[in-house]
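Generate the whole structure from the sequences, applying the supplied hints.
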Amino acid sequence: MNGVLLALVTVLPIAIGAAVAAFAMKQISTSAIDGMTRQPEIAPQLFTAMLIGMALVEALCIYTLVVTLVMANNLG
Amino acid sequence: MTGLAITSEAIVVMTGALVASGVLIGLGFWFSRIVLSVDEPSKRQSAGEFVLAFFVNKAREIAHGENRQRIIETVAPLLATFFLFIFVCNLIGVLPIPVFNRPPTSHFSVTLSLAMCSVIGTLLAAAAFKGPLATLKHLVWPNPMQWVSEVTDVMSLSLRLFGNIAGEFMTVTLVMQVVPYGIPLILHALGLIPAFVQALVFTLLTSSFIADALHEQKRRPKRTKAGQPVDAMPSTTHAEGGFAQ
Chain A
1 MNGVLLALVT
11 VLPIAIGAAV
21 AAFAMKQIST
31 SAIDGMTRQP
41 EIAPQLFTAM
51 LIGMALVEAL
61 CIYTLVVTLV
71 MANNLG
Chain B
77 MTGLAITSEA
87 IVVMTGALVA
97 SGVLIGLGFW
107 FSRIVLSVDE
117 PSKRQSAGEF
127 VLAFFVNKAR
137 EIAHGENRQR
147 IIETVAPLLA
157 TFFLFIFVCN
167 LIGVLPIPVF
177 NRPPTSHFSV
187 TLSLAMCSVI
197 GTLLAAAAFK
207 GPLATLKHLV
217 WPNPMQWVSE
227 VTDVMSLSLR
237 LFGNIAGEFM
247 TVTLVMQVVP
257 YGIPLILHAL
267 GLIPAFVQAL
277 VFTLLTSSFI
287 ADALHEQKRR
297 PKRTKAGQPV
307 DAMPSTTHAE
317 GGFAQ
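In order, the protein sequences belong to chains A and B. Going letter by letter, the first sequence gives residues 1 to 76 in the numbering used here. Going letter by letter, the second sequence gives residues 77 to 321 in the numbering used here.
Everything labelled a hint here was simulated from the structure, so no lab data went into it. Glycine is no exception: its CB is placed at the ideal position from the N, C-alpha and C atoms. Each hint can be trusted.
Stretch-level coverage of chain B by chain A, calculated; a stretch enters the list once three of its residues show a Cβ under 8 angstroms from a Cβ in chain A: (1) 234-247; (2) 277-287.
Computed footprint of chain B on chain A, listed as stretches where at least three residues anywhere in the stretch have a Cβ under 8 angstroms from a Cβ of chain B: (3) 38-52; (4) 62-75.
Structure below.
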């Protein structure tokens with residue numbers, strides 16, 4: 001029972017969080033690459049904006065990871 | 077996330093941070109002894125100028141107004157310090173030393189202190205270039221809860237760096253217990269990418285915080301001069317504050 005509970009509160013959230021963040025990152029990188037191929041001269045600025053956007057998305061996934069780690073520590 | 081006790085973990089982390097600082101200070105001395113030349117720059121000079129030019133250009137992008145030169149001279153070393161220190165700290169994980177190859181940035185206290193340095197440094201820079209009162213006013217105006225964004229900035233900066241580096245470190249450690257040879261090498265090679273990108277992201281976010289903190293004062297007088305209604309200002313500044321997170 002404890003194992004199932006552990007899986008539910010730790011593994012499932014990080015899986016969902018990673019999947020959603022991956023989807024958002026795919027959107028960001030696709031748009032950035034689209035822009036870069038259309039206008040290679042502003043590629044450095046787009047790259048910077050892409051990195052910042054990805055970092056903001058990734059932060060949400062990291063929050064999930066931290067909550068997961070805390071839950072795992074508390075449970076066992 | 078332990079308390080103030082000096083644990084063995086803390087000793088490993090502190091040693092790593094000291095080693096990183098030592099490496100950087102040594103490199104600094106080594107680079108400072110170059111004979112500079114315009115016609116025939118040495119390899120060391122070219123490498124140093126490449127790194128320096130990157131941060132000076134970053135600082136140049138965010139600096140505007142009459143004391144632009146001073147802003148560049150203040151911000152560029154700050155950004156360079158953050159980037160180089162975090163990058164070298166992240167690289168400590170690939171050293172082939174048994175216990176001490178833990179990156180200091182995989183400990184939450186290190187990333188938290190780095191993030192606090194970043195946000196407090198941003199506030200200090202804003203106080204120096206905009207005036208302390210304007211900076212304090214920026215914390216509670218136009219949105220009285222504006223100061224919360226500084227706290228969440230600290231949390232997001234520190235948790236991002238910590239999560240990435242600690243996650244990578246944990247993965248390598250776990251894989252190393254299963255397959256001690258070969259595979260960890262590939263993981264270490266792949267780990268160089270987040271090591272670089274996270275250092276860059278921390279630096280870029282710091283520079284965008286500083287840009288946000290410095291720019292507000294420049295835009296306001298421009299809008300009032302253009303004759304726009306005063307009521308329009310809070311909504312625009314609020315939108316900028318929202319983007320800063």
